[in-house]
Amino acid sequence: MAKAEQEKTERQAWMGLLAKSSPARLAALMDTASDMPDFTWLRVPEAGGVMVRGRMGGTGAPFNLGEMTVTRCALRLASGEVGHAYVQGRDKAHAQRAALVDALMQTDRALDLRATVLDPLESEREAQIATRAAKAAATKVDFFTMVRGED
Amino acid sequence: MYVAVKGGERAIDNAHEWLAEERRGDPAVPELSVAQIREQMKLAVNRVMAEGSLYDPDLAALAIKQSRGDLIEAIFLIRAYRTTLPRIGHSEPVDTGAMICDRRVSATFKDAPGGQVLGPTFDYTHRLLDFKLAAEGETPRAQEVEAARKETPRITDFLNRDGLIQKETPSDETPPDMTRAPMEYPANRALRLQALTRGDEGFVLGMAYSTQRGYGRNHPFVGELRIGKVPVEMEIPELGFAVEIGEIDLTECETVNQFAGSKTEPPQFTRGYGLVFGQTERKAISMALVDRSLRWEELGEDNVGAPAQDEEFVLSHSDNIQATGFLEHIKLPHYVDFQSELELVRRMRAEAQASYKDAAE
Amino acid sequence: MQTEALTGGFANPPIDSAAGFRAALNAMARPGKIETVSGGSAPAPVSTAAAVLLLTLCDAETPLYLAPGVDGQAMRDWVAFHIGAPLVEAEQAQFALGDWEALAPIERFRIGTTEYPDRSATLIVEMPDLSNDGASLSGPGIETIAQLSLPEIEAFRANRALFPLGLDFYFCAGERLAALPRSTKVEAA
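Protein chains in written order, with our numbering: chain C, 1 to 151; chain L, 152 to 512; chain V, 513 to 701.
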C-alpha cells in the first residue's frame, strides 16, 4: 500500500511538472532523449476548458472563477503501459509528448527519462521561481522608526 | 406597407478588407507579433482573460491584435471562442494561501509575517510620461536579493484567531455556474463572485467607488492584496487522483470592514473578497468592495437603497458583452421598425392638427 | 482502470460526434425514423448506438443514471474516461441508460419545470430489436403516421399528457436508433 501511495505521489509530481512546462522546452529535451516508441491512441489530443474554482475569502465555500484551456490525451505503448496527459494550453503535440513521458516513466526507461527530461525541467523551473522570488524580495519594505512619541 | 430588402454583401466584404488593412496600419512600421502583445501588453492581456473568462495568454493576445486594441471587442472574441471548447471538468478550488507571491501588501498590519512586498507596481511612480520609452533601448534589470522561501500567511488568519472577524466556512458544495444555467434572482454569493470576477472593470470600479462615496456606506481596509502564481489541480477520473494541470497568475484582495453588529451578528470585522485572473489589482479591490456591499442581507444590515446593494442591478449590468451587444445593436438597420414609428407619428400629427383646426373653427 | 475501459471512444471526435449528433437530431425531429450510427463502443451489453449517443450527448455536466443490467465496474470506468459524467440516482439524472424493464418505473425521472421544461431526463432505452411496426406515432415531425416497435403504449401516452413537461426517449438496438420526443402522440396500431 505504501508503495502504491509513493508511486502515485511520484506520478502526480511528474504529471504536474509536464503540465506546467513550456511546450518548446519539453520538445527540445525530448529531441535529445533516445527514440520514442510507437503507441496507439486511447484518446486523441483534445483541447478543452476546465472551470477553475476559488474559495470565498480564500478558505470558504467554492465559486467558479473562469475557465482555462487544457489539452488532454491518452495513449498506450506497444508494451502495454498507458500514458495520460492533461497540460495547460492548446498545444496538441505538447500533450502527446507529456503522455509519452508519462507512459515511459512506467517502463525501464524511467531513469533515463528522469535524467534527460524531468530533472532539467525541474531545475529550470526552480531557477525561474528563485529568480522571481529574489526580485520580489528586493521590493520588500524595510520600515524604520523616525520618531517615537513618549506621551 | 412592408418592404423586405437584402443587400450590402459587397459593401460588407470590402469593409472587412479595409478593416484588415487599417488593422495593420502603416506597412513601413513593423508588425506586432502575438508574442509581443502577450509579453509587453500584459495587463491588457490579463483584462481580456479575466473578463473573457478564459485563462489563455496567447489567445487573449491574439484577440487584442485582431480587435485593434479594442479590449471589449477582444473580450467578445474570447467569449465566443470559449463557447466552442468542450468542458473537460472543473478544478479543485485553488489554494491562494500557497501562492508564490510577486506582490503582497497589507494596509492593516505593517509588520505582517512575510512582509510588505511591493512587486512590479505602478504605486509610488510619479505618473510622469517617460520619454525614454519612446526610444528603443536596453532592458532594465530588476534588483535581486536572496529570498528566504517563507510562508506568507493570510492576514485575515490573525484576526480569525482572535475571533474578531467573520469566519468563512469551508465546504465542498458544488457552486452554481452562470455560464451553464440562466441567472435567477436572488443569486447567492458564489454566483455574485463569478459575475463580478468576469464583470466589466469600469463598471465594477464605478460600483465600488459609489460605496466609498456614501451610497451604501462601506468603509473597508485592504487587509491583504496578493498577486502571484498558484497551481491548478484537477481530479482525473481515469487515474483516481488529482494532478496539477497548470499554473495561473491571480490577484486576490481581502477587505476588512468594521461592522458594529446587527440583529444576528456581534460587533466584528467582516470581509469582502476579490479574486481575478492575472495581475488585475484595481479590479480585485473593486470586486471585494462590491462583494461586501452585496452581502448586506446575510449580515443583517439595512438596505439603504444604494445601487451597489442591489444585486439584480449590479449583476445584470456588470457584463460588458451583454451590455455592448444590446447597446450596439441599435445602430444596425431598423428600417422597418422606424418606418412604422414614422407612420404613427405622422398620423398622430395629422390627427392633432385636425383637432386643433376643429377647435379653432 | 482496466484497458477495456480506455478503448471505444471516437477516433476523430469532432467528425464522429458531429455525425452522431446529426443522427440523434434527425431521429428526434422525425419520431420513429430509424438512423444507423457507428464509431463508438462501450463494454457489453451496451449497444453501439447507445455508446454513440452517450459519447455525443453526455459530458462532465450531464448526470447519468446506469440502470441495473448496464451498470458495472467496466461501464463505470468507461464513462469516467470517455465522458466524465457524474453517475447519479434516477431522480437526479439528465440521461439514463438501460433496458425498458430496468428503467421502470419511469415516473421517478425528472420531467422539467414550467419555467424550464428542458430540465428533464432523456432515457436511452436498450432494445432487443427495432423496427417500423407496432405503435402508431403522430404529431410534430411526422407527416401522417409513423410506426415504431415501442416496448409499450400506456407509459408514452401518459408522458405525452405531461407536455410541455415530460421525458424524451431514444431506443437503441445494435447500430440502429430511433427517438420519441414528449410531443409525439402514441396509439396502439
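It cannot be assumed that every hint is accurate.
No farther apart than 25 Å at their CA atoms in a straight line, the calculated lysine-lysine pairs in the DSS-like style are these [unchecked claim]:
no., chain 1, residue 1, chain 2, residue 2
1, L, K318, C, K135
2, L, K283, L, K193
3, C, K140, L, K193
Output of the computed footprint for chain L on chain V, the stretches with three or more beta carbons under 8 Å from beta carbons of chain L [to be verified]:
no., segment
4, 539–551
5, 671–678
These are calculated hints, taken from the structure and not from any lab test. Source: prediction; values computed, not measured. Ideal Cβ placement from N, Cα and C applies to all residues, glycine included.
* Broken hints, numbered, in rising order? -> As far as the earlier hints go, 1, 4 and 5 are violated by this structure, in ascending order.
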